[in-house]
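Whenever a hint applies, use it, and build me the whole structure from the sequences.
Letter by letter, the sequence shown follows residues 1 to 566 in the working numbering.
Treat the hints as calculated values from the structure; they're not laboratory data. Every clue listed holds true.
Label pairs and their computed distance ranges (CB to CB):
id, residue 1, residue 2, range
1, 402, 188, 29 to 39 Å
2, 294, 254, 56 to 66 Å
3, 284, 249, 24 to 34 Å
4, 204, 269, 39 to 49 Å
5, 534, 86, 40 to 50 Å
6, 387, 436, 14 to 24 Å
7, 49, 70, 20 to 30 Å
8, 32, 379, 32 to 42 Å
9, 223, 249, 27 to 37 Å
10, 294, 173, 54 to 64 Å
11, 411, 439, 19 to 29 Å
Quick list of in silico lysine-lysine cross-link-like pairs, DSBU-like style, CA-CA up to 35 Å:
id, residue 1, residue 2
12, 518, 61
13, 310, 171
14, 365, 171
15, 117, 518
16, 117, 365
17, 61, 117
All residues carry an ideal CB built from backbone N, CA and C; glycine is no exception.
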Amino acid sequence: MLRSLSIRDYALIERLEVEFQPGLNVVTGETGAGKSIVVGALKMILGERASTEVVRTGARKAIVEGVFEGVDEPRVRPLLEEAGLDWLPELILRREITGSQSRAFINDSPATVHVLKQVATHLVDLHGQHDHQSLLRVETHVGMLDGYGGLAALVQAYSEALETVRALVRKRDDLAAREAELARQRELWEFQIEEIDRTSPVDGEEERLEAERRVLENAERLHESTNSLFEVLYESESAVYDRLTVARNEMRDLARIDPEFAPSLSELESAQIAISEIASFLQDYNARIEFNPERLEAIRERIGELDRLKRRYGGSLEAVLAYRAEIGEQVDLARDFSGALTRLADEIAAASRTLGEAAERLSTKRREIAARVEEAVVSELHGLGMPRSRFEVAFEQDVSHDGLAVMPDGRRLVAHPDGTDRVEFFISTNPGEPPRALARIASGGEISRIMLAMKSILAKSDRLPMLVFDEIDVGVSGSVAQSVGARMRDLARYHQIITITHLPQVAAQGEAHFRVAKDVVGDRTRTGMRLLSEDERVAEVAALMSGAQVTDAAIESARELIIQTV
Numbered sequence: 001m002l003r004s005l006s007i008r009d010y011a012l013i014e015r016l017e018v019e020f021q022p023g024l025n026v027v028t029g030e031t032g033a034g035k036s037i038v039v040g041a042l043k044m045i046l047g048e049r050a051s052t053e054v055v056r057t058g059a060r061k062a063i064v065e066g067v068f069e070g071v072d073e074p075r076v077r078p079l080l081e082e083a084g085l086d087w088l089p090e091l092i093l094r095r096e097i098t099g100s101q102s103r104a105f106i107n108d109s110p111a112t113v114h115v116l117k118q119v120a121t122h123l124v125d126l127h128g129q130h131d132h133q134s135l136l137r138v139e140t141h142v143g144m145l146d147g148y149g150g151l152a153a154l155v156q157a158y159s160e161a162l163e164t165v166r167a168l169v170r171k172r173d174d175l176a177a178r179e180a181e182l183a184r185q186r187e188l189w190e191f192q193i194e195e196i197d198r199t200s201p202v203d204g205e206e207e208r209l210e211a212e213r214r215v216l217e218n219a220e221r222l223h224e225s226t227n228s229l230f231e232v233l234y235e236s237e238s239a240v241y242d243r244l245t246v247a248r249n250e251m252r253d254l255a256r257i258d259p260e261f262a263p264s265l266s267e268l269e270s271a272q273i274a275i276s277e278i279a280s281f282l283q284d285y286n287a288r289i290e291f292n293p294e295r296l297e298a299i300r301e302r303i304g305e306l307d308r309l310k311r312r313y314g315g316s317l318e319a320v321l322a323y324r325a326e327i328g329e330q331v332d333l334a335r336d337f338s339g340a341l342t343r344l345a346d347e348i349a350a351a352s353r354t355l356g357e358a359a360e361r362l363s364t365k366r367r368e369i370a371a372r373v374e375e376a377v378v379s380e381l382h383g384l385g386m387p388r389s390r391f392e393v394a395f396e397q398d399v400s401h402d403g404l405a406v407m408p409d410g411r412r413l414v415a416h417p418d419g420t421d422r423v424e425f426f427i428s429t430n431p432g433e434p435p436r437a438l439a440r441i442a443s444g445g446e447i448s449r450i451m452l453a454m455k456s457i458l459a460k461s462d463r464l465p466m467l468v469f470d471e472i473d474v475g476v477s478g479s480v481a482q483s484v485g486a487r488m489r490d491l492a493r494y495h496q497i498i499t500i501t502h503l504p505q506v507a508a509q510g511e512a513h514f515r516v517a518k519d520v521v522g523d524r525t526r527t528g529m530r531l532l533s534e535d536e537r538v539a540e541v542a543a544l545m546s547g548a549q550v551t552d553a554a555i556e557s558a559r560e561l562i563i564q565t566v
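Written as structure tokens, this is what we have:
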């Protein structure tokens with residue numbers, strides 16, 4: 001939601017700080033007071049093109065800043081990170097416009113207007129004069145339908161099946177493109193395989209050979225040292241073992257006198273056992289020492305062969321073996337290229353049928369949901385002053401000989417990222433007129449009411465946190481106006497709403513009521529906006545009902561109208 005909006009030196013606004021509330025925020029004011037200026041400023045931080053003419057006369061630059069909270073992290077964070085911007089739970093969007101240029105900032109870091117606009121599409125849906133109207137973007141219609149029907153699981157299953165087919169197609173295309181390379185490289189690879197196989201390296205062999213080489217090269221020293229150590233520890237006249245025996249016996253006598261010596265006696269006995277075991281090991285090792293120049297030479301030659309392979313094929317024995325496995329696969333592929341392509345074609349055919357089945361399940365469910373959406377939207381439109389309207393959800397599928405989705409009936413369809421269906425909303429607002437594409441309807445008021453109807457039935461599934469309605473109630477009055485206000489209040493249970501209105505029936509529904517006013521200070525005109533108190537709110541609704549002359553009866557009627565909405 002938009003927590004606050006700060007505007008400085010923008011058009012007639014000198015300085016404005018507004019704290020918006022959750023729920024329904026209504027904005028009223030006399031014609032020409034500057035309500036459209038506030039909306040225009042909001043558009044700046046949504047990535048709209050900036051005109052240098054918006055800078056207030058006498059000022060160096062205009063600044064508009066919005067602070068958003070409760071941002072959809074899974075959607076917005078990747079956009080920021082891709083642009084090299086930091087993610088923060090509180091999102092600050094800012095535009096600065098001078099007489100020659102405009103700059104954009106996200107979380108106080110410079111950003112492009114393109115990124116600003118991308119981020120804004122996940123924050124705000126602004127309705128009025130055909131701006132930021134997601135309903136007019138045909139590509140959003142299928143998502144609205146899926147959201148209403150709770151079809152996320154079917155869409156996910158389709159997406160996974162599509163990715164499987166695409167991965168296989170990429171593999172096939174890569175293989176087909178490599179046919180000439182495989183044929184050209186085959187002879188070289190076969191020579192390299194023969195060379196590696198002739199040496200027959202074994203994983204871990206190098207470490208074992210190096211260890212054996214060190215022993216053979218140092219056989220004489222090992223023989224002398226183990227013999228000397230055995231003498232010192234066990235066999236000489238003053239051997240360590242014998243001296244420990246003397247010490248052990250003396251300690252045993254002491255322990256008989258005072259048990260406090262018992263732990264030390266135990267340690268001496270353990271030391272004597274350890275010396276005995278070490279001496280046995282040295283004697284055994286010494287007996288096993290082999291003086292074998294022939295074996296040493298063979299090991300050196302084998303290590304040399306392995307080193308030559310390493311220099312040619314990767315720097316390590318592990319890399320040599322990995323390369324051997326890789327080129328072995330390539331040679332097998334070159335020998336059976338047509339067979340590999342055939343097997344891939346079979347895999348693609350099977351995966352395409354699986355994709356077609358997933359697409360069919362999704363499409364069938366969408367058509368069921370579409371009938372419910374059509375009925376629900378028409379019902380909503382009747383209550384919004386469009387009683388003769390017809391609403392249709394149109395489906396199209398593109399048949400293509402190279403379509404990735406093979407349907408159960410055998411048709412090959414183009415597989416779009418979200419299904420094989422192209423979905424578009426059609427409407428007729430006049431009797432006798434056939435439904436036309438929603439995007440071609442001329443009346444902004446009609447589009448806004450259609451959008452309000454759609455938002456009302458899609459509210460729980462729509463992930464956009466904030467909606468802005470710029471006088472969408474133009475041309476309605478009486479009970480229809482009452483219905484428009486009630487719909488907005490209901491919608492505000494799921495979204496933050498800011499609506500600019502001239503209807504008392506809508507204004508009375510507000511949970512926070514702001515008034516835009518224009519005044520003259522000295523020789524300068526200024527536009528301001530502030531939150532009204534309860535009494536001021538009643539007076540403002542009364543003014544909307546009766547005009548400039550606010551009577552006691554109008555005040556009472558306004559109070560009753562507000563009470564009715566609570």
